[in-house]
Amino acid sequence: MRDVAIIGIGHTKFGRASKTSLELFSEAALQAVDDAGVGLKDIEALFQGAALPGFEEGQVMPAGFSAAELNLDPIPATRFEGACASASIAIRDAALWVGTGEYDIVLAGGVEKALMMGTSFATRTFAMSCHAPTEGPAGLTFPGVFAMAARCYAKNYDLPLDTLREKMARVSVKNHRHGALNPLAQFYKKLSDLKVEDVVNSRMVADPLTLLDCCPFSDGASALVLCPAEEARKYTDEPVYVLGTGQGSGGPLSKMEDLTKPVSRISSAKTAFKHAKLSPKDIDVVEAHDCFTIAELIALECMGFFDWGEAAEATAEGQTDLGGKIPVNMSGGLIGKGHPIGATGASQVYWIVKQMRGEAPKGNQIDPVPEYGMTDTLGGDFGTLCHIILGRSKRKE
Amino acid sequence: MVKMAGRAQEEIEKELAKEYTVLTYADYEAGIKEGKLLGLQCASCDKITCHPMPVCQWCGSRTLERTELSGEGELETFTVIRVPSEGFEDDTPYIPCLVKTKEGPSVVGRLDYDTERATQDLLGKRVKMGGAYTYKGDKFSGGPRTCPVFGVIE
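From first to last, the protein sequence lines stand for chains A and B.
If you use our numbering, the first sequence corresponds to residues 1 to 397, in order.
If you use our numbering, the second sequence corresponds to residues 398 to 551, in order.
Do not take every clue at face value.
[Stated by the list, open to error] Computed cross-link-like contacts, DSSO-like style, restricted to lysine-lysine with a CA-CA straight-line distance of at most 30 Å: (1) Lys255/A - Lys525/B; (2) Lys270/A - Lys444/B; (3) Lys255/A - Lys433/B; (4) Lys444/B - Lys499/B; (5) Lys444/B - Lys433/B.
[As the list claims (entries may be wrong)] Stretch-level coverage of chain A by chain B, calculated; a stretch enters the list once three of its residues show a Cβ under 8 Å from a Cβ in chain B: (6) 114-127; (7) 200-207; (8) 254-268.
Rather than coming from a laboratory, the hints here were simulated on the basis of the structure.
Note that the structure is a prediction, hence the values are computed from the model and not measured.
Every residue, glycine too, gets a C-beta built ideally from N, C-alpha and C.
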């Protein structure tokens, strides 16, 4: 397998978009192509994450139309669907296909227009990535699943639920503070000085998770250009290398041993570390899937950044903020930046690349620039997990 | 003699008739409606699979036989849904829950309990299946769906 690099990145403003999904993805793609300094005619394949286009715009098979929109047809264009991890699995496959030598230059990313569905219908469609036969009639929603996990977390570690709620709130406070500094974020210049009490006292969505424990529904797109590592410096002085990827699958909640220790996530992260020949202590920055505050804590423990049960306290101590042991979601994460589900994985990679180029917004940029970064993306209730490890230098031999 | 290409229709039909599913989801749901929690007993590892799956949920073996669970277990976790999906407005607030059955597998269902009194100390409580909840379904659900309803044994 050849090593692979990211040479161009693009990202629309997240939030409410009046443009169509095809327009949004095209904008991100054109930014990425311009950033890479390649021509559209150089693109050999398109790997596109999109979770719910059929419900949002009545559009199935969006990848083919996205390719056509950019006059890329008839190149192969494939939609990847892994709920909220759709873009990450698209990027992982793109890297694998470039790695095999089948293609040299490809476009990968994702798009979503979830905000226009409204809370009630969006909640319904998001819940479609729960196990429909068993969790459907139980009326589980996504906040519901993570609320159940939060209760397990409190029980496992003998934490009074109110104590855990305050510690979880620190995730929202941190991610909103960074999101407020990010001009592409849904909550740019908003909620920058949120207090723990604001999070705990906001509207209850699924007990014990409140509205401010949750990420928003969002519209947006993000795209990347990938090429073989040995070609990367022909296009850019600052390539970012894909050092390792992992993917894991879960199943119905009822099949899980412990909701706070999803095997799908542990296994996916391990695979990525193994490919990258790195361990958690090597990583300088993480973009983790903070769909809910509790989700960030579970993610960091599963990836091995903290021991079981220690991420809540570590977060409260500031260990996951700028200057801490491992800065997490300096883009604002899903909570502060927004979560157009099919685009999120590409957005996470985009912000790691920005960090590595020293181009993140002031107040979010890690200094000195990080050498190694990692993304963590979760689809469904632990149904699809994907991890991508990125570096400023090529993989160690 | 040259062998003629193609297979007899009867032979293909016989192959199609082979049944791979020991307990169908429809039978499982019908059981819940009758107050029975049905599952599958594995001859290889002796463990119980529930809800029904085509192979053992623990060891992957295909040597499964129908069985009935007690419907009793321990409340693993729950939540009170305050912001529901479209179609669940009339139920709100309500309590989805995860129950670890006495026989081993966990089951998702609903908890019949006062939503204003449902607090963290419910975790670990003994529960028993006491009925069924049938969601009427929407355009996307493939018809109505039924899950068990559990009650707390005080």
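Quiz item: Taking only the CA atoms, is the gap from Lys270/A to Lys444/B under or equal to 30 Å?
Solution: Holds - the C-alpha atoms of Lys444/B and Lys270/A are around 29 Å apart, at most 30 Å.
Quiz item: Do three or more residues of the segment 200-207 of chain A come closer than 8 Å to chain B, measuring C-beta to C-beta?
Solution: holds (count 5)
Quiz item: Are the Cα positions of Lys444/B and Lys499/B separated by 30 Å at most?
Solution: Roughly 12 Å separates the two Cα atoms, so the pair holds.
Quiz item: Residue count check for the segment 254-268 of chain A against chain B: does it reach three with CB-CB under 8 Å?
Solution: Result for this restraint: holds, n = 4.
Exercise. Verify the proposed pairing of Lys255/A with Lys525/B, using a straight-line Cα cut of 30 Å.
Key: Given pair Lys255/A, Lys525/B holds - Cα atoms ~19 Å apart, limit 30 Å.
Practice problem: With a cut-off of 30 Å on the C-alpha distance, tell me whether Lys444/B and Lys433/B pass. | Solution: Distance of about 18 Å is within 30 Å: holds.
Practice problem: Apply the coverage criterion to the segment 114-127 of chain A and chain B: a residue qualifies when its Cβ sits closer than 8 Å to a Cβ of the chain, and three qualifying residues are needed. | Solution: holds (count 6)
Quiz item: Going straight from one Cα to the other, do Lys255/A and Lys433/B come out at no more than 30 Å?
Solution: Distance ~20 Å between Lys255/A and Lys433/B Cα, so the pair holds.
Comparing the model with each numbered hint stated earlier shows that all of them hold.
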